[in-house]
Amino acid sequence: MPELIPLSYVETIAKAGSIRKAADTLAITSTALNRRVLALEDEFGVPIFERLPRGVRLTTAGELLVQHIRSQRSDVAKLQSQIADLKGERRGHVSIACSQALLPYFLPAEIAAYRKQHTAVTFGVYLRDRAAAEQALADFSADVALVFEPVRLSNVQVLATFPQTVYAVMRAGHPLARRGVIRLGDVSQYPVGLPTSPYGVRQLIDHALVRSSARLDVAIESDNFQFLRRYPAEDDLITFQIPIGLPGQDGMDGMVVRPVDARDIPQGLLYLCQLKNRTLPVAAAKFAVQLERSLVEQLGEFE
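Mapping the sequence shown onto our numbering, position 150 (from 1) lands on 150, and the numbers just tick up by one.
Simulated from the structure, these hints should not be mistaken for lab results. Built from N, CA and C at the ideal position, the CB exists for glycine as well. Among the hints, erroneous ones may be present.
[What the hints assert, rightly or not] Calculated lysine-lysine pairs in the DSBU-like style (CA-CA distance at most 30 Å, straight line):
hint: 1; residue 1: K15; residue 2: K276
hint: 2; residue 1: K116; residue 2: K286
hint: 3; residue 1: K286; residue 2: K276
[Claimed, not checked] Now the in silico label distances, taken between C-beta atoms and shown as ranges:
hint: 4; residue 1: S18; residue 2: A112; range: 34 to 44 Å
hint: 5; residue 1: V289; residue 2: A120; range: 13 to 23 Å
hint: 6; residue 1: H93; residue 2: I28; range: 18 to 28 Å
hint: 7; residue 1: E297; residue 2: D235; range: 30 to 40 Å
hint: 8; residue 1: R54; residue 2: A112; range: 44 to 54 Å
hint: 9; residue 1: V218; residue 2: L127; range: 16 to 26 Å
hint: 10; residue 1: A61; residue 2: H93; range: 22 to 32 Å
hint: 11; residue 1: D261; residue 2: P191; range: 16 to 26 Å
Modelling step: build the complete structure from the supplied sequences, incorporating the hints.
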């Protein structure tokens, strides 16, 4: 809406860190942009930005204003989506912050299924770690988040949780591939690849090792789950993943997955959540319902 435009300049300046850089982004002169900021500061009666030697940063009042801008933009999107639904159309934009495991298989299938029914809905899918996903909900850059073992969950409304067993990933000819369930003691006889420490799977493994006498021979660490899933095809190394990040067919690409005994590594939880007390636009709300239904249906596939 036009009345939000002057306010949105504040958000652009805050992201850029300087009025000059923001002016370049907005294709206006820095003098004209500065005048708009001064007019807003005069209107509110407080400084919005703290002027620094090499740029600007938001004051506390400025941070409140940016939060208001994002909230207003969200409300406008919700209204547009509701009006479109009244006309029998489904429009809108859905922003998703998610853990890495959701990207290869689950979300592409879910978004494609939704867009087959509602082709006018657009999507933004953003890889965010556990803390960043929660922040994305708080600053309205994401409508919903799908995160494994989140950090804080402050100001977050949990829509649903889904248990996820940790699986060992190995080539089909690996000696442990013949076993139905894997113990940490079994894995300790072979080199392993682990995700780096910020990831929920790594946290579960590290906590399990504190309680266990088993010690893992860590040959590879990576922050890329696709790399970790594919590497065992080239080596006897074992990596780990949760079901939502695995293809639906065991043996795909010459690899197999076997559950790690829950006595060694307890299940973790995948969280579907949104910002607390926020009413989502229709498109985002309906997509969240679809996600929950699909996740419930897939729970038994690897059990």
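Consistency of the hints with the structure:
Among the hinted pairs, K15 with K276 is consistent with the structure: their alpha-carbon atoms are about 24 Å apart, no more than 30 Å. At roughly 14 Å between alpha-carbon atoms, K116 and K286 fall within 30 Å of each other, so this suggested pair holds. Taking the CA atoms of K286 and K276, the gap is near 17 Å; set against the 30 Å cutoff, the hint holds. At about 41 Å, the CB distance of S18 to A112 agrees with the hint of 34 to 44 Å.
At roughly 18 Å, the beta carbons of V289 and A120 sit within the given window of 13 to 23 Å. Roughly 26 Å separates the CB atoms of H93 and I28, a value that falls within the hinted 18 to 28 Å. Here the CB-CB span from E297 to D235 is close to 34 Å, well matched to the stated 30 to 40 Å. For the hinted restraint 44 to 54 Å between R54 and A112, the CB-CB distance of approximately 45 Å keeps it satisfied.
For the hinted restraint 16 to 26 Å between V218 and L127, the CB-CB distance of approximately 24 Å keeps it satisfied. The hinted range of 22 to 32 Å is satisfied by A61 and H93, whose Cβ atoms lie roughly 29 Å apart. Distance hint check for D261 and P191: the Cβ-Cβ separation is about 20 Å, which falls inside the suggested range of 16 to 26 Å.
Of the hints listed earlier, there is not a single one the structure fails to meet.
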